[in-house]
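Student: Sequence order for the protein chains is A and B.
Adding 3 to a residue's 1-based position in the first sequence gives its number in the working numbering.
Adding 1492 to a residue's 1-based position in the second sequence gives its number in the working numbering.
Hint data in this document are derived by calculation from the structure and do not stem from the laboratory.
Partner residues are not named here, just some residues of chain B that face chain A (Cβ under 7 Å, in silico): (1) G1562; (2) S1565; (3) R1566; (4) C1569; (5) D1570; (6) P1571; (7) T1572; (8) Y1575.
For every residue, glycine included, the Cβ atom is placed at its ideal position computed from N, Cα and C.
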Amino acid sequence: MNRNYVVMLLLMTSLFLAACGEKTAVVESGTYTGTVKKVEADKREIYVTLDDGKLLELYFTENTELVRDSVNVNFTTLQQGQRVQVTVEKVGKRLDPERVRIME
Amino acid sequence: MAQLPEFLRTEVYHPLTVHFPIVLLLIATAFKVIALFVKREVWQLGGRILLAAGVIAAWAAIYTGDLADGIVSRQICDPTVLYSHEQFAYTVAWLFTAAAFVEGLSLTVRKLGGKWVSISIVLLMLAGSGFLTYVGHLGAKLVYQQAAGVYVPSKDCSEFEN
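Build the full structure now, drawing on both the sequences and the hints.
Tutor: Below is the structure:
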């Protein structure tokens, strides 16, 4: 392969990767259902893809309640792919999760 | 009476580290642009060293930024700015890493030298510099509009009395 093509490929790949990235959404206070896309245990943070496709980034606070079958559970119970119902309070553009219910 | 917090808090490591890649990578880009037109080794070699140091500093800043993220995201009023800041910071780091990779390849693979490769590297670095400027702008917005990672003194400044 011509060396120029290799460099061009690297360049285009880099610019393509640079353009990638999904935006997080801000929604009104309320209760929403969706699927856990990612769990960041060390930050006590989850990403939830809502049923309408919006992506929420939620940082648990000390007041966030996490329940499964009406029982409080540890953050480690949360896993990628789980269906959840989240109740959030919008503060400015920050979404504080008040309650997260694991639905399965 | 309010207590003055420790200076070296987790969220403070980021501002302590983030200015190194900004300076190193922007000057590296300037060196490499000049090297396209001025055939003195100092510009090429200087740009190469600054780029390598800048890439290492960029990933260090990403690491400290990630540490700060877990703290300030719970305090600021618009974390979407922080999310964009983080996403574009990764863009910057990858663009300059790609430039350093191509630079390294051009040094080790003889056939890969030449003006065209140098132009490709500079293009990557110019794109990276553009994103770097924007990331810096978002970082400044986080600090000066939302006080991200900043301790706000009490009204009576009592914590500074001792």
